[in-house]
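Participant: Could you build all of it, start to finish, from the sequences and the hints given here?
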Amino acid sequence: MAESKTTITVSVNGTEHTCQVAPRTLLVDLIRDDLRLTGTHIGCEEGICGACTVTVDGELVKSCLFLAVQADGKDVTTVEGLTPKCGTSRLQESFRGNFALQCGFCTSGMVVAADALLRENPDPSEQEIKEHLVGNLCRCTGYLSIIDAVRAAANQEVTS
Amino acid sequence: MRTTSFDYTRATSIDEALGALASGAQVLAGGQSLLQSMKLRQASPQHLVDINELDELRAVDLEDGGLRLGALTRIAELCVIAEVAAMFPSLQQAAKLTADVQVRNRATIGGNLCFANPRSNMASTLISLRAEVTVRSDGGSRRLAVEELFSGYLQTVLSSGDLLTDVHLPDPGRDARGAYREISRQPNGVPVVNVAVAVAEGRVTGIGVGGLGVRPLRARLVEEALTHVDVNDPRAVDEAAALLAGDLASTEPLSDMHGSAEYRLEAAVVLLRRLVLATTNERG
Ligand SMILES: Cc1cc2nc3c(=O)[nH]c(=O)nc-3n(C[C@H](O)[C@H](O)[C@H](O)COP(=O)(O)OP(=O)(O)OC[C@H]3O[C@@H](n4cnc5c(N)ncnc54)[C@H](O)[C@@H]3O)c2cc1C
Ligand code: FES
Ligand code: FES
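If you're matching them up, the sequences are chains A and B in order.
With our numbering as the guide, the letters of the first sequence map in order to residues 1 to 160.
With our numbering as the guide, the letters of the second sequence map in order to residues 1 to 284.
Check the hints yourself; a few may be wrong.
What the hints assert, rightly or not - Derived SDA-like pairs: lysine to any residue, alpha-carbon spacing no greater than 25 Å straight-line:
#1 A:K130 / A:E46
#2 B:K96 / A:N121
#3 B:K39 / A:E3
#4 B:K96 / A:E131
#5 A:K130 / B:A85
#6 A:K130 / B:Q26
#7 A:K85 / A:C103
#8 A:K5 / B:S44
#9 A:K130 / B:R58
#10 A:K74 / B:I14
#11 A:K5 / B:S23
#12 A:K74 / B:D55
#13 B:K96 / B:R185
#14 B:K96 / B:S37
#15 B:K39 / B:G189
#16 A:K74 / B:R58
#17 A:K74 / B:T12
#18 B:K39 / A:G39
#19 A:K130 / B:N188
#20 B:K96 / A:E59
#21 A:K74 / B:Q26
#22 A:K74 / B:T9
#23 B:K39 / A:R32
#24 B:K39 / A:K130
#25 B:K96 / A:E45
#26 B:K39 / A:I48
#27 A:K74 / B:R10
#28 A:K5 / B:S5
No lab work stands behind these hints, which were simulated from the structure alone.
Facilitator: Here is the structure:
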């Protein structure tokens, strides 16, 4: 049976896209399959791991628990949108410098979530970082270096 | 994992939502539980009506010394609304311990109640605060106590055309205190058991318990017993807390991979005793 599709207009990383989506299409599938932005990952698909974290109108959400049709008229930012045209952002650089990624599967979700934290709270404590990242799982369990990376990026932001 | 296909309506007014519900649609609020159940094919609605754009469901208003919260109030908002922090600290504690930032940004107070998870943070807390909800349908509107909302495991008394529109928190009373505690297997995970206690002028005014039965419950026998004892006497509080076993008789006990019925009862009694002692003794 051909599914009926709806036309939506969504801004992703500052670029407007007009797309045809079936109601059951998840935002993460729109991002990865239709827009080919594969930085956003799919881990559990059940809202638990945070690999699919993006922001919608500035708010962190798990894009596997968000319908693409619900993004109509909204601004979505993925990890690609946080990456400068050349090179990497200070936070991304800090992840690299602090060995905060092993397989890298969780990294895009971690970076999107940590970036939102630093915007809201430029100098978070270790406890605040832990609480903020509780919805992002790292199966390589490199949590300590991830926390170090966020703290190091924050300190740079404060001192520079 | 994908959901089955469905029709989607983004409601632009409560009446439009009620019309869609009357013709068989199901409410999509934060989607944090519903989309999960749909992917697992535990639910396969043919038609979803999205209420997320209905600003009428986002009220935060003072009301008769208490507070009215629209059904679409996000759990993340409960963590920061000044009136909630000042008047209903237990609700703020329960909100902060719910899920993670991403989920709290979407999950709504109404959706949390309507999902009817017996282990929900909101249900037991709102029961302790003697909160009520307004439910609207095509036929009109009615009001019921949160403790009467649940009929069984993941089941409410609402029928398919019903929309929960508001949560009403009554005046918490003088020198109001309240607290929420839970036991969960991982930080911010859905708790195994949770207890919320509301106190005014040093007396316990309400106790809600989640994760003990197949639906969240109000510990009426314990509440009643506590009105007759000195709440500063740990032995007397112990004895009252033990009456929780009697309160559980009103519903079927919950026993699953997260904890046996015996463990849950014991853990809930301990949480309850600690909460009563802490909230009634920290006056001044
Ligand atoms: C990773 C994760 C961790 C979580 N941890 C916790 C936790 O620690 N504690 C906790 O309590 N919860 C937890 N939850 C559940 C979360 O709080 C849910 O989002 C919430 O229970 C449902 O709210 P919702 O707004 O997303 O509702 P939805 O998923 O949109 O809806 C849930 C159900 O309620 C119905 N419904 C919704 N709103 C209304 C309304 N206004 N009127 C009538 N029917 C309505 C829907 O039709 C559906 O049947 C967690 C969820 C996830 C994904
Ligand atoms: S893929 Fe979305 S939370 Fe795991
Ligand atoms: S680096 Fe492998 S999952 Fe986090």
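Participant: Does each hint hold? Answer for all of them.
Facilitator: Consistency of the hints with the structure:
1. A:K130 / A:E46: holds (21 Å)
2. B:K96 / A:N121: Satisfied, since the Cα-Cα distance of roughly 17 Å is no more than 25 Å.
3. B:K39 / A:E3: Holds, at about 17 Å.
4. B:K96 / A:E131: holds (10 Å)
5. A:K130 / B:A85: Measuring from Cα to Cα gives roughly 23 Å; hence the hint holds.
6. A:K130 / B:Q26: Violated: K130 of chain A and Q26 of chain B sit about 36 Å apart, past 25 Å.
7. A:K85 / A:C103: Measuring from Cα to Cα gives roughly 24 Å; hence the hint holds.
8. A:K5 / B:S44: Within the cut-off at roughly 18 Å; holds.
9. A:K130 / B:R58: Answer violated: K130 of chain A to R58 of chain B is near 30 Å, above 25 Å.
10. A:K74 / B:I14: holds (22 Å)
11. A:K5 / B:S23: Status holds; Cα separation ~21 Å.
12. A:K74 / B:D55: holds (16 Å)
13. B:K96 / B:R185: holds (16 Å)
14. B:K96 / B:S37: holds (24 Å)
15. B:K39 / B:G189: Distance ~20 Å between K39 of chain B and G189 of chain B Cα, so the pair holds.
16. A:K74 / B:R58: holds (19 Å)
17. A:K74 / B:T12: holds (16 Å)
18. B:K39 / A:G39: holds (23 Å)
19. A:K130 / B:N188: holds (11 Å)
20. B:K96 / A:E59: holds (17 Å)
21. A:K74 / B:Q26: The hint holds at about 23 Å.
22. A:K74 / B:T9: holds (17 Å)
23. B:K39 / A:R32: holds (18 Å)
24. B:K39 / A:K130: violated (29 Å)
25. B:K96 / A:E45: OK: K96 of chain B and E45 of chain A at ~24 Å, within 25 Å.
26. B:K39 / A:I48: OK: K39 of chain B and I48 of chain A at ~14 Å, within 25 Å.
27. A:K74 / B:R10: holds (14 Å)
28. A:K5 / B:S5: holds (11 Å)
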